[in-house]
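Given only the sequences and the hints, what does the whole structure look like? Please build it.
Chains as they are written, first to last, in the working numbering: chain A, 1 to 475; chain B, 1001 to 1079.
It is worth saying that the hints were derived from the structure and are not from the lab. Just so you know, even glycine gets a beta-carbon here, dropped at the ideal spot from N, CA and C. Among the clues, some could well be false.
Now the stretches of chain A that chain B is said to cover, found in silico as 3 or more residues with beta-carbon under 8 Å [unchecked claim]:
| no. | region |
| --- | --- |
| 1 | 35-44 |
| 2 | 90-99 |
| 3 | 113-127 |
| 4 | 155-168 |
| 5 | 377-387 |
| 6 | 450-460 |
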Amino acid sequence: MAYKDLREFLAKLEEQQQLVRVRDEVMPEPDLSAAGRAAPNIENGPAVFFEKIKGYHNPAVLNVHGSWANHALMLGMPKNTTIKEQFYELDKRWSKFPVKPRWVSCGPVKEIKIKENINLFEVLPLFRVNRYDGGFYISKALVISKDIDDYDNYRKQNVGTYRLQVKGKDLLGIQALPFHDIGIHLRKAEEINEPLPVAICIGNDPVLTFMASTPIEYDQSEYEFAGALREEPVELTKSETGNLDIPCAAEVVLEGYIIPRKRNVEGPFGEFPGSYSGARLQAEIKIHTITHRVNPIFENLYLGIPWTEIDYLMALNTSIPLYRQIKDSMPEVVAVNAMYTHGIGTIISTKSRFGGYGKAVAMRLLSTPHGMPYSKIVIVVDEYVDPFNLPQVMWALTTRVRPDKDVVLIPSAPGMPLDPTSEPPGMHTKLIIDATTPVAPDVICRETELLATPYKTDEWEKIIRRLLNEKGVSK
Amino acid sequence: MICPRCDSNTAEKIVDAPKDKSWEVYLCSTCGFSWRSTEDEAITDPARYDKKFKLEPAVLDSLLAIPPVPPLKESVKKD
Ligand SMILES: [Zn+2]
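In structure tokens:
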């Protein structure tokens, strides 16, 4: 089943006791970020909806994606669905790609139009996310832009999530890294000194936000993927300017353009590795038009030392494309867990076709578009080890690794500049740990006999979970 | 007004709270730092702002540009 907008999903979360409402008035600082930090600290933490924020007219919601329960509900699954089941369900729906969007003439997002005297603070209850951030950030919006060389090709249109620093009533800073799709759009526009039109959509169907943060290929459409995952086409409408396709049920859309060939101080920002990025010179966006729903909801995201909302949001959507890209040429691969800091740490389970296969699988990961810059620590385990079950992974590390031959370092490889260990920023030494059992012609040290899982264990897991549910225990 | 982060005298009020004027937001045009009047003194007072996060105006131009500005295409240069 599909949610038509954020509001419908929030209603579902509330019905399932996965949303709390704060009715008392709160201060923008420190209350919002403190609640955004607190919610994912709670097991299966809820979304937190703030009805009244001092000095502002509109409400805000945080932690919408911030637990496995909320993530399962996003997929229309029971809230106690295991991570591995969510992984395989996502993989199944991935096969339905592409599901083409539907264009409709207008949407709720056009209820109110502002074309003069733009003031972001009038519409959005902005707040500081982490204490030493350079300003107030919009951290969970869909940023939509097009390839100016092929402007009418909606597949090359990008829907991505990038951090946006508020730098004035109508000015934002954006972090567009060169390997991001918007970085490609920006380079092409700047090479000919043209402004790059963007639409920034805030408060969306949760699957759209999920897809906007998924590393898919340049000419694949996030909207067609979202259609596949929600099993219904996404409804789009046109932005007021720039001919961009925007979700017709967004809460708020900020329209503007990236100012070409200009960089200004941006940051720092508390980032997903759990540390501050430095201050850098980055591009800026001039906002000239805002459209929004009546009483729009500001959906934003707190991120800090993992795990916070972003880690749920960026967990399985990073795992699935990596899994598919590796499995494509290595069908022995069973599952990929790239849940740790956007795949900086990745665990792969695989059968081994021949000696050294585990290392080959790791090297395949390190040559995928996302794994190349992001993945730094790769652990490969046997096919019967659940890569989402960390005690099992630790079992493999402690009983399957011979450090003298199974641990490999690859110096001076591509890296993720926000990882504080990347040196220079954007380069890593990669670590591969092959925790698979040796197969011929590798030297098999000693034959071992594994303990088998009792017959009907899967069935009993389901029975026990159902019994817990019936008693109202939400584990 | 003095910016708590870079100590330049280039900060100005950019907005009042949309409701009840319950706070103001200030922005520094030198380093881009912004803050709300209701934040605590460790954020709003230049003397108490954490030294680790201070920014010297002199270093701003030499910060890393991400992404770097690409060269103009030859066809554009000729125009
Ligand atoms: Zn300053």
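Problem set entry | Per-stretch coverage check for the region 377-387 of chain A, three Cβ contacts closer than 8 Å to chain B | violated (count 0)
Exercise. Given as covered by chain B, does the region 450-460 of chain A meet the bar of three residues or more with CB within less than 8 Å?
Worked result: Three-residue rule not met by the region 450-460 of chain A, so violated; n is 0.
Exercise. How does the coverage statement for the region 113-127 of chain A fare against chain B, requiring three or more residues with Cβ below 8 Å from a Cβ of that chain?
Worked result: It holds, with 3 qualifying residues against the three required.
Exercise. Are at least 3 residues of the region 90-99 of chain A within less than 8 Å of chain B when you compare beta carbons?
Worked result: Violated, because only 0 residues of the region 90-99 of chain A bring their Cβ atoms closer than 8 Å to Cβ atoms of chain B.
Exercise. With a cut-off of 8 Å between beta carbons, are at least three residues of the region 35-44 of chain A near chain B?
Worked result: This one is violated; 0 residues, fewer than the three required, reach chain B with a Cβ under 8 Å.
Problem set entry | Within 8 Å of chain B (C-beta), three or more residues of the region 155-168 of chain A | With 4 residues close enough to chain B, the hint holds.
When held up to the earlier numbered hints, the structure conflicts with 1, 2, 5 and 6 and fits the remainder.
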